[in-house]
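Q: If you're matching them up, the sequences are chains A and B in order. If you're matching positions, the first sequence starts at 56 in the working numbering and goes up one per residue. If you're matching positions, the second sequence starts at 68 in the working numbering and goes up one per residue.
Mixed in with the good hints, there may be bad ones.
[Claimed, not checked] Have a look at the derived ranges for each label pair, beta carbon to beta carbon:
#1 A:Q203 with B:D128: 43 to 49 Å
#2 A:F160 with B:M89: 24 to 30 Å
#3 A:T169 with B:I201: 39 to 45 Å
#4 A:K76 with B:K92: 38 to 44 Å
#5 B:D167 with A:E131: 20 to 26 Å
#6 A:K228 with B:K124: 17 to 23 Å
[Stated by the list, open to error] Here are the simulated EDC-like pairs of lysine to aspartate or glutamate, each with C-alpha atoms no more than 20 Å apart in a straight line:
#7 B:K124 with A:E135
#8 B:K93 with A:E175
#9 A:K125 with B:D96
#10 A:K192 with A:E212
#11 A:K218 with A:D91
#12 B:K170 with B:E145
#13 B:K92 with A:E93
#14 A:K151 with A:E175
#15 A:K142 with B:E145
[Stated by the list, open to error] Footprint (simulated), chain A over chain B, 3 or more residues, beta carbon under 8 Å:
#16 86 to 98
#17 105 to 117
#18 173 to 182
#19 192 to 200
Hints are computed from structural coordinates only; laboratory data are not their basis. Here a beta-carbon is modelled for each residue, glycine too, at the ideal position from N, C-alpha and C.
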Amino acid sequence: MKPSFLLCILLMTSLQSPAQKYFTKTGIINFKAGTDLEDIDAINKSVTAIFDVASGQIEFACLQKGFEFKRGLMQEHYNENYMESTKFPKAVFKGKFDNLSSVDFKKDGNYPLTVSGQLEMHGVKKEINVPGTITIKGGNVSSEATFQVKVAHYNIEIPGAVKDKISPVVDIKVTCEYKVM
Amino acid sequence: MKKIFLFVGLAFLVGVLYGLYMYYKKPPDTHDLTSNFKITAQQLTKEYDENEDAANKKYLDKIIEVDGVIGEIITDGENPTISLSSMDPLSGVSCSFYSDEAKSLTAFKIGDSVVIKGKCTGKLMDVVLNNCVIQH
Numbered sequence: 056m057k058p059s060f061l062l063c064i065l066l067m068t069s070l071q072s073p074a075q076k077y078f079t080k081t082g083i084i085n086f087k088a089g090t091d092l093e094d095i096d097a098i099n100k101s102v103t104a105i106f107d108v109a110s111g112q113i114e115f116a117c118l119q120k121g122f123e124f125k126r127g128l129m130q131e132h133y134n135e136n137y138m139e140s141t142k143f144p145k146a147v148f149k150g151k152f153d154n155l156s157s158v159d160f161k162k163d164g165n166y167p168l169t170v171s172g173q174l175e176m177h178g179v180k181k182e183i184n185v186p187g188t189i190t191i192k193g194g195n196v197s198s199e200a201t202f203q204v205k206v207a208h209y210n211i212e213i214p215g216a217v218k219d220k221i222s223p224v225v226d227i228k229v230t231c232e233y234k235v236m
Numbered sequence: 068m069k070k071i072f073l074f075v076g077l078a079f080l081v082g083v084l085y086g087l088y089m090y091y092k093k094p095p096d097t098h099d100l101t102s103n104f105k106i107t108a109q110q111l112t113k114e115y116d117e118n119e120d121a122a123n124k125k126y127l128d129k130i131i132e133v134d135g136v137i138g139e140i141i142t143d144g145e146n147p148t149i150s151l152s153s154m155d156p157l158s159g160v161s162c163s164f165y166s167d168e169a170k171s172l173t174a175f176k177i178g179d180s181v182v183i184k185g186k187c188t189g190k191l192m193d194v195v196l197n198n199c200v201i202q203h
């Protein structure tokens, strides 16, 4: 093979941006399920998230038992009565960014995007669309998304006795800081 | 008659106080709990890789003392975490600490051997332990 031809090929392959995957095992989900009568806040600090730049696909997963509440009874009730965590230990989202190619991973900035896909929780799968932001800062990649979930959509029953304490619509915030895989 | 009233009144008060105590009680602090299992990170990961359902039946919600080598350590921010390595490069044991443990984690580095006590919450990519503390 001519040396100049070989050089051409080497140059071409090195100029192509490699297909990057970004992931985290320490993503954070906060949710608020309370009303004026009672604060019900929980945090999960061991969320895994992976996304693939080439395909735009993204996956989140978290363990129900990983949600921490300020009150022990709330945490017990969440797992035993509402989420039935022994039967359904995880919540998983599999989806795709609408336009990941609009993000320049080498340029600092806030890039608003939407993710569409399927959330599986408490044995129910539902299609959802979630708006969010990918932030590039100093070479670091992070994401934030806020959305709401109707408890009834996932077969989660709120007993009459606590209907004024637990909101039928839960506010969820997902925050992740990624590393290259 | 008076004695009965007094007795019922006291019983009622005790009941209310107990109810309030249960209502406001925080989740148990791992510092105070005895571990149900003592195991290596390698062994724990292996059991979960072989049969996740069986491993969950055995370990979910239990307090585990895990012995392993630090593969990764994050001490800044609100989420101090240590990852213990196993033979499987794709999975290990992820240990999420109480935020006030962050300072004690700065004494450690990658490659150190450490024993960590925490509550098992299941497996995602790694086996995940919550409410962790360094076991001395």
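Q: State for each hint whether it applies.
A: How the hints compare with the structure:
{"no.": "1", "hint": "A:Q203 with B:D128: 43 to 49 Å", "verdict": "29 Å, violated"}
{"no.": "2", "hint": "A:F160 with B:M89: 24 to 30 Å", "verdict": "50 Å, violated"}
{"no.": "3", "hint": "A:T169 with B:I201: 39 to 45 Å", "verdict": "42 Å, holds"}
{"no.": "4", "hint": "A:K76 with B:K92: 38 to 44 Å", "verdict": "43 Å, holds"}
{"no.": "5", "hint": "B:D167 with A:E131: 20 to 26 Å", "verdict": "23 Å, holds"}
{"no.": "6", "hint": "A:K228 with B:K124: 17 to 23 Å", "verdict": "32 Å, violated"}
{"no.": "7", "hint": "B:K124 with A:E135", "verdict": "15 Å, holds"}
{"no.": "8", "hint": "B:K93 with A:E175", "verdict": "29 Å, violated"}
{"no.": "9", "hint": "A:K125 with B:D96", "verdict": "12 Å, holds"}
{"no.": "10", "hint": "A:K192 with A:E212", "verdict": "42 Å, violated"}
{"no.": "11", "hint": "A:K218 with A:D91", "verdict": "12 Å, holds"}
{"no.": "12", "hint": "B:K170 with B:E145", "verdict": "11 Å, holds"}
{"no.": "13", "hint": "B:K92 with A:E93", "verdict": "15 Å, holds"}
{"no.": "14", "hint": "A:K151 with A:E175", "verdict": "15 Å, holds"}
{"no.": "15", "hint": "A:K142 with B:E145", "verdict": "30 Å, violated"}
{"no.": "16", "hint": "86 to 98", "verdict": "holds (count 7)"}
{"no.": "17", "hint": "105 to 117", "verdict": "violated (count 0)"}
{"no.": "18", "hint": "173 to 182", "verdict": "violated (count 0)"}
{"no.": "19", "hint": "192 to 200", "verdict": "holds (count 5)"}
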